[in-house]
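Line by line, the protein sequences give chains Y and G.
Using the numbering used here, you'd call the opening residue of the first sequence number 27 and step up by one each time.
Using the numbering used here, you'd call the opening residue of the second sequence number 266 and step up by one each time.
Wrong hints could be hidden among the right ones.
[Stated by the list, open to error] Label pairs and their computed distance ranges (CB to CB):
1. G:Gln307 x Y:Lys83: 22 to 28 Å
2. Y:Thr46 x G:Ile325: 40 to 46 Å
3. Y:Thr112 x G:Thr360: 36 to 42 Å
4. Y:Thr112 x G:Pro305: 15 to 21 Å
5. Y:Ser33 x G:Tyr304: 27 to 33 Å
6. G:Gln378 x Y:Asp80: 44 to 50 Å
7. Y:Thr31 x G:Glu336: 28 to 34 Å
8. G:Gly327 x Y:Lys121: 23 to 29 Å
9. G:Thr337 x Y:Asn54: 17 to 23 Å
10. G:Gln307 x Y:Thr105: 37 to 43 Å
For the record, the hints were derived by calculation from the structure and aren't laboratory data.
We treat Cβ as the ideally placed atom computed from N, Cα and C, and that holds for glycine.
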Amino acid sequence: DGGITQSPKYLFRKEGQNVTLSCEQNLNHDAMYWYRQDPGQGLRLIYYSQIVNDFQKGDIAEGYSVSREKKESFPLTVTSAQKNPTAFYLCASSKSATNEKLFFGSGTQLSVL
Amino acid sequence: AQSVTQLGSHVSVSEGALVLLRCNYSSSVPPYLFWYVQYPNQGLQLLLKYTSAATLVKGINGFEAEFKKSETSFHLTKPSAHMRDAAEYFCAVRTDTGRRALTFGSGTRLQVQP
């Protein structure tokens, strides 16, 4: 079945630690996105990638990093510089950057120990 | 820059009653507008979208939305609520200029009372 897979479902971070959230899609989509969801704030864009080997900052990129070395994969690293990382992280993909139908993964809940 | 504002973080209706979820947008160029729904512990899925064709857009599960340029609104409606409609609903906007990614509103949680 085609889809977008995020792992792990739950992740815990110790202070000063970097953690990486995985996002893989087998839909052959060019564009991929990372959003952060906090209660009452909706979804805020962290990073997005319109094509492999290219990515752009969203509204809240500070403290995060990404790579897009393969079309299928768009991992997000939450660095120690992100002082408030506890949130629900959603990865999405779309056929192209101009196609508005986003396919979402089921999310990763990150918490700080 | 584009943005959307969703009025009311929580809306509660009785089963069978009209559902009205409000969304107003801000954009200096013609916008593309969307409604997404999120069921508990899941990702989002597209309900409907407006892309400059008909101003009344019909989506899945009996939902529809009307684009009103004069009011800069794109409210979501459903004539008769079902229990299964209980979820969080997000309005989103994109334009053809600038950033090619959706900007989401803060969401409205819909409760349906029996």
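Checked hints:
Checked against the hint of 22 to 28 Å, the C-beta distance between G:Gln307 and Y:Lys83 comes to roughly 27 Å, which is consistent with it. Range check, Y:Thr46 to G:Ile325: Cβ separation about 34 Å, and the 40 to 46 Å hint is violated. Between Y:Thr112 and G:Thr360 the C-beta distance comes to about 32 Å, which lies outside the given range of 36 to 42 Å. Distance hint check for Y:Thr112 and G:Pro305: the Cβ-Cβ separation is about 19 Å, which falls inside the suggested range of 15 to 21 Å.
The hinted range of 27 to 33 Å is not satisfied by Y:Ser33 and G:Tyr304, whose Cβ atoms lie roughly 20 Å apart. The supplied range of 44 to 50 Å is met by G:Gln378 and Y:Asp80, whose beta-carbon atoms lie about 48 Å from each other. As the Cβ distance of Y:Thr31 to G:Glu336 is approximately 40 Å, the hint placing it in 28 to 34 Å is violated. A beta carbon spacing of about 26 Å between G:Gly327 and Y:Lys121 agrees with the range 23 to 29 Å that was offered as a hint.
Between G:Thr337 and Y:Asn54 the Cβ separation comes to about 36 Å, which falls outside the hinted range of 17 to 23 Å. A beta carbon spacing of about 27 Å between G:Gln307 and Y:Thr105 contradicts the range 37 to 43 Å that was offered as a hint.
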